[in-house]
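Student: One-letter residues, chain by chain:
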Amino acid sequence: MTKAKALVITGNGTNCEMEAAHACRLGGFDEARIAHIAELLTGEVSLDDYHFLNLTGGFLDGDDLGSAKAQANRLRYAAVEGKEERLVDQITRFIADGKLILGVCNGFQLLVKMGMLPALSGNYLNQTVTLTYNECGRFQDRWCYLKVDADSPSLYTKGIEGGVYLPVRHGEGKFLVDDARTLDAIEAKHLAVLKYSDVNYSAPTMEFPENPNGSINAIAGICDETGRIMGLMPHPEAFVHRTQHPRWTREELPEEGEGLIFFKNAAKYVKENF
Amino acid sequence: MPHRIEITLKDEVRDPRGERIKREIGHFLHLDVAEVRTIDVYTVDAELSADELAQAAAGPFSDPVIQDYSIDKPAAASFDFLVEVGFRAGVTDNVGRTAKEAIGYLLGRQLAAGEGVYTSVQYLLSGKLTQADAEKIATGLLCNTLIQRYQILDAATFKAQGGVAPFVPKVQGEAKVEVNTVNLEVSDEELMRISRDGVLALTLDEMKIIQAHYRDEKVREERVKVGLSTAPTDVELEALAQTWSEHCKHKIFSADVTYEDGEGNTEKINSLFKSYIQKTTADVRAAQGDKDYCLSVFKDNAGVIKFNDDWSLVFKVETHNSPSALDPYGGALTGIVGVNRDPFGTGKGAKLIFNTDVFCFADPFYEKELPKRLLHPRRIYEGVVEGVEHGGNKSGIPTVNGSLVFDERFAGKPLVFCGTAGLMPAAIAGEASHVKKIVPGDLIVMTGGRIGKDGIHGATFSSEELNENSPVSAVQIGDPITQKRMFDFLIRARDKALYRFITDNGAGGLSSSIGEMSEECGGCELDLSKAPLKYPGLAPWEILISEAQERMSLAVPPEQIDEFMEMAKRYGVEATVLGTFTDSGIFHMLYGEKTVAYLPLSFMHAGLPPMQIPARWEKPVHEEPKLEVSGDYTGDVKALLSSLNICSKESVVRRYDHEVQGGSVVKPFTGVDNDGPSDAAVVRPVLDSFEGVVVGHGICPRYSDIDAYDMAANAIDEGLRNYVAVGGSLDLVAGLDNFCWCDPVLSDRTPDGPYKMAQLVRANKALYDYCTFFSMPLISGKDSMKNDFYDGTTKISIPPTLLFSVIGKMEDARLAVTMDVKRAGDQVYLLGATGNELGASEYLVQKGFVGNNVPKVDAAAALATYRAYGAALNAGLVASCHDLSDGGLAVAAAESAFAGGFGIELDLAKVSFKGDGKSDVVLLFSESASRLLVTVRPERAEAFEKAMAGTAFAKIGAVTEEPTLKVKGLSGGVVVNAANAELKAAWQAPLKDL
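Heads up: the protein sequence lines correspond to chains D and W, in order. If you read the first sequence in the working numbering, its first letter stands for residue 1, the second for the next number, and so on. If you read the second sequence in the working numbering, its first letter stands for residue 1001, the second for the next number, and so on.
Since the hints were derived computationally from the structure, they do not count as laboratory data. Note that the Cβ used here is the ideal one computed from N, Cα and C, for glycine as well. Each statement offered as a hint is correct.
From the structure, some residues in chain D lie toward chain W, with a derived Cβ separation under 8 Å:
| id | residue |
| --- | --- |
| 1 | Asn15 |
| 2 | Asp61 |
| 3 | Gly62 |
| 4 | Lys69 |
| 5 | Asn73 |
| 6 | Arg169 |
| 7 | Val177 |
| 8 | Gln244 |
Take the sequences, apply the hints, and build the full model.
Tutor: Written as structure tokens, this is what we have:
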């Protein structure tokens, strides 16, 4: 069987690389490499050697031009040393090869601002949605109930019943679209995988703090039409063991945290398809 | 020609930043504004084609989904007043720096030297406003004129002049790299003028020591040989002032103190630091023998203890009070990113695992007149909170523990404590990683940010009281991303053993870091002209003492330098070889070929006789209040829950990422609704292990109004109590002391110096007494001794404050206990005895008194309680535990109840009591030390009582299904009766909207 290999990119302000790699290993990846962006730009590490790309949380370039904007610009223009290609070319090839990308928080912001989500009609370099300042005007670290769309093509959420409980930790998580058609298409194609909801996962909510940022249609995470590229504001890698849950000392919880399924599903997909 | 790119939000998009400003204008300036909209402005000072400008505007500078851009054409419309705020020349502009880099990627070439991008923000104000209102909004809220500039245009003027003209805040460098000599053969008055005018903060005695040095014939001979005159250069004088500053030299803690104890006894103390702090650790370590877990204490940037065989734990807490008083945002931001460099620069370098922060402010709702130059406490609050938010969050370090303390006297100077812990492998490449050395011949390398005029005289200025003329250059803004990039690189270089020694550039800049490093090997030779500058025109002395942020100094062996430099380049980190470490005994600075400073290390680092400071203790006597007896204290409980010191700080804490890195076990908030206040934090720094790091702290400045000895004792006990409550082990625990004092040195301005010094002596005595008893070594600390404001008429001195931080280990984090009650029917126990100790309590302060009966810490009783409780916790017998501090039993019970979503019924008659003066008020609100409120499942009650046997404790009630706090008084009647919801609402209200 193929060795399932995950890559976590770090550098320029990425912060969650350790726990993302840890979650990949727990989820069943045989290898989880943390690579600095410098190692990709010098060609020491090539995306082609991996199956699962993790773009994790952080503050790329301090989110100075708006979250992840500067990195989106860098990836688009920066060339890989000694090769006739830019980093963005490696990424689009990675997608074309049927491989997996999960963007969490700052990684989601990056995917969106590069145009890789929702990538309607398979156009991966055209921005149609964005993530901007929370409606409350403040950074928020709090746990949220996320209703899962069971009909979504996302491979990461397969098997989740109802929803998942995960932390959000962001100042710019408000999901917005360029026009109504984009939103209609996202909904019609079930690309809005996760929505902020009430505790019973019965309905999406626009109420603060359950919806911590005021996202349109309470959208917390979306995928592309293949279900292989997904981005979400909440942090699945932050809940892989029960002691990470804010109420683990008072509730009877299973050993495994609810976020781990994202990584297990990814590992399973890789092992079945490569 | 510079170009303006303006970024506006599309009409239908909400502007949360504008909305927040509108709210703050209302709240804070009591002005009613109809609407505030904001525009981001990039002033691009570079040769770009129209096409390239458009690419930048449409690409990295704007978000096509929600924003529009406009180039060299004003975008602002429909407003009454426009305020544009940008940085002053030379102030760090992080967004501008990132924008410049982004253009570089876009063009495939870097911008030329001197070219740049500068940011500003336009605030469009609509509403019935006058020019004076707009001025008030600009200076009172939008702009800190120390570091920012602003302009105000009304709509008509804006239209008439066709928008805002481009302005480039570039430092205009006059290329004056000259070195001056300073004639010290002058009168004493003139010597003091030199010190004062130069912000050198040197005393007359110190100036005379310097004068004597330069009169020494042998010194003169040596100087002539290297081409220097006999008078000191400005570079030398600045280096000495920095090295000898209170901030760096801790002269007060090293002084000879004559202490009169108020009972006729006089004691000579040679150095508080040696006599109490160092001695505490030495005595604890000696007593621990082969169980000693200290690895590196008091000699490096942070303390190091053993975590397990593979990892060592590093911790440091710093203050950044003076800069935060002047520019709260920048001061606090540099405070947190500055303390990050301490553990990172300890040993061979540590990975940073969490931050802690404690802020002491005046009431943010303060309504009285303030002396000129003091910022309103609300602005300080907002700025400090935001600065630490950006510094911590952007660096990817969770902020896991902290508190906010309020007292009117902190209007004079806020206290901003920032702590950072790190983890380092016990050994790297076969060598213990907590030790490091320098070999003569190693190269002096500086990495990270460039040097500017920012932060000049920080070390000396913070060694004086804040006054109207405090230098603006002492203020600076941190850049967490430049630092993060540097750390990403250096930690990899560490693991490849590419350097031998690392330390940070903090207060005093290169002068301090290279000065201290030179002591390791015996000298240095450094060329200041090689240092990378933000802009030309810095004099050599400025390069030497600039405190420009985000820099580390290293010793790199010559054989590793190529690999080190090549790796730095790959990681986008600037690294520069500045010189060589030597064993010449000389701190030798050159500028090009020319010697500009030639100071014997022996003189720099040991040339100072101790200060002589008198200390005289006189126990203050306060009015002893006669408290009215009432049948119902429910109102008092609610009032206490709504006091600033007790109320919920959730609106601040949620702004800090406390979970990044994935190791969070006990979070700041807990309970059924995730909103009960945790006592301490538990973190798993190694994700595939369940070993936990536990961190807590104690701080109770109010008690200093009665006796600083008890203030310190209670701070230590509170820190340890919080730590123990969640599950911290007494077998691997250490303390850090941060003293923030008002000036205790007798002078014309400080006639009560001897009393303040006596307070300091007493606090130190408590530190020794309790920490040795608790077997808790002190591993690091800091003092900040000039926390006064004085403008010639008004003097505001902070209450003497000790922040005592406690760090240690719990073997299995899965045994951690939180403060929320867990289920109805559980038994409620109060551990520790309560006494008539309402002195300086939150309760008395609310009633307008101080009183005299300050809580006394009984170390033996405390330790017995903590040991027994720890054993019960490890046996899994404890359901919840909450420490009793401000507000006493009533507040702790209310918090535990509403956090858990169940009620609590208590009977005050059952409480274990010590001494006289038992009453309902005392039982409810006394702040007697070393007490914990514990709940236990009924089936474990017997085992729990057995575990606690021999300590003072009592079963005082039970957890109830009905969510109500019900307390029976001594006479049998109900004296507190309130629904959880009411109590919680009272507790959450005060700071909810801040």
